[in-house]
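Construct the complete structure from the given sequences, taking the supplied hints into account.
2 protein chains.
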Amino acid sequence: MSKKTLRIIPLGGLGEVGKNMMLFEYGKNILVIDSGLMFPENHMWGVDYIIPDMTYLEDKFDRVRGIVITHGHEDHTGAIRHIADKIDAPIYGTPLTCGLIEAKLRAAKLYDVDRIIEINAGDSINIGPFEVEFFHVCHSIPDAVGLGITTPVGLVVHSGDFKLDQTPTDDWPTDFTKIGDFAGRGVLALLSDSTNADQPGWTSSEAIIDGAFDEAFRAANGRVLVATFASLISRVQQVINASYRNGRRVALVGTSMVVNSKLAIKLGYLQDPHDVLLPLDQALGLPNSKVTLMMTGSQGEPSSILGRLSVGRNRQFDLEEGDTVILSAHPIPGNEEVVSRTINKIIQRGAKVIYDPLLPVHVSGHAKSEEQKQLIRMVKPKFFIPVHGELRMLHAHADLAHQVGVPADNVAVIENGTILELTTESLTIGDRIPGGYVYVDGTGVGDIGPQVLRERDRLASDGFVIVNMMIDVETRELLDEPVITSRGFVYVRDSEQLFLRAQEKVASIVKDRHNDGIVSRLEKSLSKFFYNEIRRRPIICVLVNEV
Amino acid sequence: MSKKTLRIIPLGGLGEVGKNMMLFEYGKNILVIDSGLMFPENHMWGVDYIIPDMTYLEDKFDRVRGIVITHGHEDHTGAIRHIADKIDAPIYGTPLTCGLIEAKLRAAKLYDVDRIIEINAGDSINIGPFEVEFFHVCHSIPDAVGLGITTPVGLVVHSGDFKLDQTPTDDWPTDFTKIGDFAGRGVLALLSDSTNADQPGWTSSEAIIDGAFDEAFRAANGRVLVATFASLISRVQQVINASYRNGRRVALVGTSMVVNSKLAIKLGYLQDPHDVLLPLDQALGLPNSKVTLMMTGSQGEPSSILGRLSVGRNRQFDLEEGDTVILSAHPIPGNEEVVSRTINKIIQRGAKVIYDPLLPVHVSGHAKSEEQKQLIRMVKPKFFIPVHGELRMLHAHADLAHQVGVPADNVAVIENGTILELTTESLTIGDRIPGGYVYVDGTGVGDIGPQVLRERDRLASDGFVIVNMMIDVETRELLDEPVITSRGFVYVRDSEQLFLRAQEKVASIVKDRHNDGIVSRLEKSLSKFFYNEIRRRPIICVLVNEV
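Sequence order for the protein chains is G and L.
First residue of the first sequence: 1, per this note's numbering; consecutive thereafter.
First residue of the second sequence: 1, per this note's numbering; consecutive thereafter.
A few of these clues could be false.
For chains that are exact copies, the list does not tell them apart, and a pair is met inside one copy or across any two.
Simulated crosslink set (EDC-like; lysine to aspartate or glutamate; CA at most 20 Å straight-line) [unchecked claim]:
id: 1; residue 1: 345; residue 2: 399
id: 2; residue 1: 382; residue 2: 41
id: 3; residue 1: 262; residue 2: 275
id: 4; residue 1: 266; residue 2: 181
id: 5; residue 1: 345; residue 2: 41
id: 6; residue 1: 505; residue 2: 58
id: 7; residue 1: 266; residue 2: 171
id: 8; residue 1: 380; residue 2: 409
id: 9; residue 1: 109; residue 2: 533
Keep in mind the hints are simulated off the structure, nothing from the lab.
This is how it looks when you write it as structure tokens:
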């Protein structure tokens with residue numbers, strides 16, 4: 001590696017590349033970009049969330065000069081406690097981002113006023129050998145930024161999560177001037193958000209939601225319930241505005257929605273000039289046609305307010321006939337089924353449900369293909385690196401870059417854990433570092449691996465069977481009938497015959513009196529027996545008590 | 001119930017209403033429409049498939065005058081063996097549908113040449129008090145039909161699964177003439193497929209796929225692999241045609257794809273006038289640029305050809321750098337995540353993947369909202385009953401019916417298990433019959449219920465712990481240290497301390513020598529202990545061996 005080489009390293013497993021954490025390494029200096037978590041896929045049984053594997057950093061923690069967070073979403077901030085307990089370097093973010101991070105660090109007892117450094121879009125700061133210029137981008141949370149990073153090899157632009165909304169709710173468009181300024185200076189490499197790169201066209205403006213809300217609010221005779229993400233502050237603003245236009249007051253329901261909105265009001269990201277907001281207990285006293293309730297649960301999460309309402313288990317109020325529920329969010333990939341089921345359950349309770357595409361009550365926070373091409377045309381990078389997407393989006397994004405004139409050799413599609421080496425002249429795909437996902441389950445960080453997940457996978461589909469028996473240590477004979485217990489395997493009350501035959505099977509094998517490997521022989525035989533009988537493969541545990 | 005009442009009863013659980021099975025009951029005469037299975041949702045652990053609960057029919061099997069199958073898809077035919085072993089009545093279907101059913105009955109050793117009666121679109125037959133007229137509809141399998149059922153209370157039209165494609169691959173549009181004929185006679189009630197009722201506009205014609213295929217085939221230098229459903233015969237036709245236009249030969253890969261296509265060729269639904277088809281082993285000998293391989297696996301099923309290719313475990317051939325894989329299907333709801341993962345894995349292996357929306361390589365087989373309104377306008381029913389969708393689609397469909405003039409009181413949105421009572425004058429929502437889903441797991445039909453699924457759910461997320469101990473029957477003292485075993489709970493090698501503390505906990509509780517309920521006391525204490533230690537709730541089994 002020549003001295004003048006910048007190493008760009010996205011961390012994590014086979015997921016969205018560089019979304020949760022990315023390193024810029026130059027000599028003995030490391031800049032960390034984002035520190036987020038990933039939500040588990042359905043097959044990652046029992047995993048609460050996933051953080052990037054930081055093994056690569058372990059002997060280099062003292063080289064980290066700073067942690068820059070591009071915006072306040074969980075997939076960019078949710079692992080902050082797992083890095084803040086190891087690294088002393090300051091954490092940089094815009095005011096809203098810092099407010100959200102502060103709450104996380106306080107909860108983890110890692111907060112310290114000196115650790116968090118507020119910056120604003122437009123600011124420029126030096127972090128080790130990097131000069132970082134923050135520029136505003138539109139996204140589905142206020143105060144998101146992209147980064148212009150002047151490195152010793154050249155200017156690298158990182159889009160952050162972004163879209164090019166010309167009429168965002170806060171009237172603060174993506175900073176085209178700054179982007180033009182970068183282009184004028186000459187951009188060595190662009191890293192850009194690929195999330196929607198395989199979607200044609202432009203992402204609709206948030207402005208179209210106002211009209212959809214008005215239509216839905218006008219048609220509603222009863223209460224309006226709007227479910228969205230607790231971090232989607234601009235949507236709270238749109239609901240406040242639409243409620244005001246339609247003669248309704250708004251109550252925010254649920255801790256995360258209330259806490260985030262309070263923070264946003266305090267910092268000036270959320271305005272309520274007409275005093276539309278009021279506490280829930282007061283809202284519940286108003287006529288239904290005068291009330292909007294705003295809450296979480298757009299992903300069908302069972303523990304969210306909407307999740308509890310859908311099964312009639314919310315404490316303070318229930319769904320009522322005549323309610324209109326607006327799902328102001330799209331399902332996150334993998335949640336489609338549970339969202340669909342939640343909608344059906346809400347309808348069963350007599351409420352009407354409005355979701356995209358019935359009305360455009362949500363738009364994505366990520367740029368689609370035409371915007372992507374626009375950004376590349378504006379930035380005019382020499383090298384292009386699609387990030388923040390799964391492999392398929394990155395490839396679609398690479399195709400878009402070709403279409404707007406970036407030569408194929410100047411585009412690098414990489415996976416998490418691959419080192420990119422950037423010089424003033426070249427972009428090279430380097431080695432892979434070990435590591436991938438770190439699963440967090442309960443208080444366990446990294447103690448769940450492939451073996452435990454394989455066991456859970458098998459338990460999920462076929463349950464387990466325990467065979468417990470006492471054997472005479474001298475004669476090797478059964479002292480009593482073996483006791484067979486199962487969970488998640490069959491409905492026990494209807495399966496007496498099956499278990500009786502299994503007991504006989506066990507007894508006949510024990511009779512052979514081959515001591516060696518009796519446990520594994522029994523497990524194998526029973527596994528075969530149950531598969532032949534009922535085509536299921538439970539985990540089998542044979543316990544031999546020698547007496 | 002007056003004598004002149006037709007009872008319409010969709011069977012099943014909270015799923016797509018009337019899709020898998022529906023009954024028309026008049027006096028002591030029952031007509032069964034469709035006999036399909038449902039694929040399990042992700043939370044239905046280990047369930048292979050689901051069939052409608054037929055308890056209602058149990059004392060009425062001899063009243064069934066016929067079973068009419070609208071088309072050959074699994075969700076309309078997949079439960080045929082479960083009804084054919086109980087009911088003697090003839091099964092009616094078009095030639096392709098009958099061919100597919102015959103294979104299922106043969107596999108279940110229930111085939112009998114007299115049971116299956118082939119009809120053709122345009123035919124009219126009497127089944128008990130019902131005169132059933134079959135009319136052709138476009139769908140994603142050839143030879144699908146809708147039904148015009150003249151009942152003692154009036155003419156009821158059932159759309160089947162349909163769309164209004166003007167340029168289908170087989171050039172056989174939905175039979176508008178017959179529909180007009182029904183309208184002229186006066187339609188009492190329309191039952192219509194709601195699957196895409198919440199989607200705006202029209203479903204694109206299959207014809208647009210030809211252009212997308214040509215674009216993809218032209219761009220491909222290596223092999224083209226097309227994955228779709230084995231039943232999507234028209235897509236096989238389109239792939240044969242596109243391959244011929246682009247100088248390629250086609251090999252079908254995998255049993256279901258080969259068997260279905262053979263049947264379709266034999267019955268004349270699939271044409272290969274230029275001898276484009278050839279066996280796989282011969283195709284593998286041709287230059288890559290001359291080969292198209294067609295297979296299943298569009299849903300990322302691990303056991304399908306494409307699923308095996310994506311992880312490098314296919315027997316006859318592997319994915320190669322330069323292959324172009326076309327996913328000619330949309331993910332079935334609930335499969336989005338696994339399809340996405342499969343695409344990423346294929347890309348990791350160096351192949352290019354083309355899917356909608358990158359190119360329109362698939363279109364839905366179901367009518368969208370404008371087509372739905374069109375059909376209602378054409379049929380002019382007095383009463384309207386949306387079917388074949390989840391509750392949310394049915395409600396969207398009901399809204400569409402209002403928009404085209406069906407009064408709200410004349411529309412009935414019902415769930416499976418609800419009896420609809422139709423007279424010449426009225427449509428009434430009647431009682432609910434007991435029953436819902438019947439889960440099939442291995443060879444067990446209906447033995448898996450909520451309790452086993454709850455156990456599997458808990459096992460999937462936290463695994464289990466067994467505590468095995470020997471106790472002196474006299475002194476109630478432990479004779480040895482309790483042995484603790486676990487699966488799917490923690491990585492055992494890293495958890496020695498945890499298990500040691502659990503052992504101590506057990507010993508201290510046993511020391512109290514309260515005999516009563518020692519097992520349940522231990523289970524409760526350990527559950528609490530593990531939750532406090534590691535925030536997980538495994539299933540705990542305490543085994544006490546008294547010696």
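Status of the hints after comparison with the structure:
1. 345 <-> 399: Close across copies (18 Å), not inside one copy (42 Å); limit 20 Å.
2. 382 <-> 41: So residue 382 and residue 41 fail the 20 Å test inside a copy (36 Å) and across (47 Å) alike.
3. 262 <-> 275: Classified as within: same-chain Cα gap 14 Å, cross-chain 70 Å, threshold 20 Å.
4. 266 <-> 181: This pair counts as neither: shortest intra-copy Cα distance 33 Å, inter-copy 67 Å.
5. 345 <-> 41: between (23 Å within a copy, 15 Å between copies)
6. 505 <-> 58: Answer is neither: 53 Å inside a copy and 36 Å across each miss the 20 Å cutoff.
7. 266 <-> 171: Only inside one copy: residue 266 and residue 171 sit 19 Å apart there, 64 Å across copies, limit 20 Å.
8. 380 <-> 409: within (15 Å within a copy, 61 Å between copies)
9. 109 <-> 533: between (55 Å within a copy, 19 Å between copies)
The structure fails to meet hints 2, 4 and 6 from the earlier list, while all remaining hints are met.
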